[in-house]
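Student: Following the hints, complete the assembly by docking chain B onto the known chain A.
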Amino acid sequence: MSSDMSSSGHKPDGSAKEKAPPVSQPKFWNDPKKRSLLFQVLLLSVLGFVFYTIIDNTLTNLEQRGITTGFDFLTREAGFGIAMSLIDYTEASSYGMTFIVGLLNTILIAVMGIIAATILGFILGVARLSDNWLVAKFSALYIEIFRNIPLLLQIFFWYYAVLRTLPQPRQSIEFLGSFINNRGFIFPAPVPEEGFGLVTVGFFAAIAASWLIARWAKKRQELTGQQFPVALTTIGLVIGVPLVLFLFSGMPLGLDHPELKGFNFKGGITVIPELIALWLALSIYTAAFIAETVRAGILAVSHGQTEAATALGMSKAKTLRLIVIPQALRVVIPPLTSQYLNLTKNSSLATAIGYPDLVNVFAGTTLNQTGQAIEVISMTMAVYLALSLMTSFFMNWYNARIQLSER
Amino acid sequence: MSHSQATDKMMVELRNLNKWYGEFHVLKNINLEVKQGEKIVICGPSGSGKSTMIRCINHLEEHQKGDIIVNDIPLNEDIKNIEAIRKEVGMVFQHFNLFPHLTVLENCVLAPIWVKKMPRKEAEAQAMELLERVKIPDQALKYPGQLSGGQQQRVAIARSLCMNPDVMLFDEPTSALDPEMIKEVLDVMIELATEGMTMLCVTHEMGFAKTVADRVIFMDGGQIVEENEPHEFFNNPQHERTQLFLSQILQH
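Residue numbers (the numbering used here), protein chains in the order written: chain A, 10 to 416; chain B, 11 to 262.
Quick caveat, the hints were computed from the structure, so don't treat them as lab data.
Among the hints, a few may not be true.
Using C-beta positions, here's what the derived DEER-type ranges look like [as the list claims (entries may be wrong)]: (1) G57/B x I248/A: 54 to 62 Å; (2) I411/A x E242/B: 49 to 57 Å; (3) N26/B x N141/A: 25 to 33 Å; (4) G57/B x N157/A: 50 to 58 Å; (5) K90/B x E231/A: 47 to 55 Å.
Even for Gly, the Cβ is constructed at its ideal location relative to N, Cα and C.
For reference, chain A alone in the conformation it holds in the complex (with noise of 0.2 Å):
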């Protein structure tokens, strides 16, 4: 290849100007640009092919069996029940609304994993670097035990072996007027009364104090230099605030207690155990590999970097968060984003242990019952591709905004 391309034939130029030689046409198989546009020609048409054999294909076998494509069944009735949904639904719902369902217990379980995974790793990652022999040890053990174990089997141990051997319902442990048992975690549901709205108000009027008090500490550092502890006034605040209006106002919330009626349960809100053991396995799966990222991250930033801070006075946690975690963070943002597309899409396991997520809902029962398979797969498909092409599309804004401060 290399070598047809420099013998195309391109003047030299400078000094060879005054006579230019007569520039020779190469053979049209010899011309790069002419051979480039012949295999591009070549390869369009032989995928065209492709999928007009699949699709003309697919059209006649479904004729065959006498299935009707189009998206019309998402309108019928489901006809089966969810054991979990953050909407109304019932069996009388459509089949539209499966899809709904479905989505939304996907979302919330990627959500809660990658909250819960972020923390969890960022701690384990900075622990493992620690000075403190046990700490660093714990975490190594915590994180070679938990990536080298299939995330399927740790589903399973967290289902089957943790969560499916607590007791039945009947002999529920419980604390708190909360029960824990093989049907879930199961805990009294807040019903806000009359006044309740002053403890909402109160909450929402901390959170902007807080805010207020974060721009006056800066302004004011920036002046005086005195530093203000921010974090801890905005935690008092936002607990603090509400925690008083509720006492003071006679503690305007209901509780709806959960009670024993027959084998189950009945009122409180019910955290199913498939979500639990779902949450646990993919959360520490996760960390463990986001430990690893944000290992990598600390070490990339050089020693020296450290010792200049020291050098300045600077102590160990200011150092740590002024001048190595900017740094790192520019090199674990990218291998972060492939790990919350990774625990995204690892969510569908799900399935597995009957968690009700897309997959399980609505690639399964429905498809199942439906038969329609091309439109099924398709609109899964179609949500996991969306929901990885945001997520990667806000984490790359995020990563642009920080390399920008570089230069």
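Tutor: Same frame as chain A, but now just chain B:
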């Protein structure tokens, strides 16, 4: 030859300093006294322990035996003492070690703001003043990656000076620089010396040693082999090892 600005006040004192890396005895019974305003140049072959010695002074390296006293503060296990000493001792590194994610100005104000709790305005004014002294005030808003090596090292000096140190440690400040940039850094260091700063410089810039040093120290194998004022040191070295070293580095 500069006349000495040294006062009677003892600034840095090393007594019977010993340090091991595992089995390897890096520093052997080092004794050194540096008075306020004194300029010490430390030279010696690589691996002789000269960098390790000055890195012990602000506790970047831990020593196992002996005493280090900086401005009357003993360097011991007490974190408060270590912090206090680090505030009084500035350090310039061979590879500058500027913070690449911060602008030149941010590099200079970071420690004054977070360690000395100085108001930002005041810190920035002081940083600009010092950047002017090292002759790069126009680069204040650039990032370290946009500067030449010589400029970066001058920023690093300004960054250290922003903490108002009583002692400055230089760990081979010109060894990573292109030849034409060495002079701009040495000029800044000479200026600093004439202003009366107490300085300990690990360097092989013998011209610099002749101009500003009150004493030159030659180290080999973790020991101080020879210690003398520059004229005597260069013209009349006592030890064979010193003579050999000098003949090698002054050959060209």
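Student: The structure should be examined with respect to each hint, and the outcome stated for every one.
Tutor: Structure-based check of each hint:
no.	hint	result
1	G57/B x I248/A: 54 to 62 Å	holds, 58 Å
2	I411/A x E242/B: 49 to 57 Å	holds, 56 Å
3	N26/B x N141/A: 25 to 33 Å	holds, 32 Å
4	G57/B x N157/A: 50 to 58 Å	violated, 42 Å
5	K90/B x E231/A: 47 to 55 Å	violated, 27 Å
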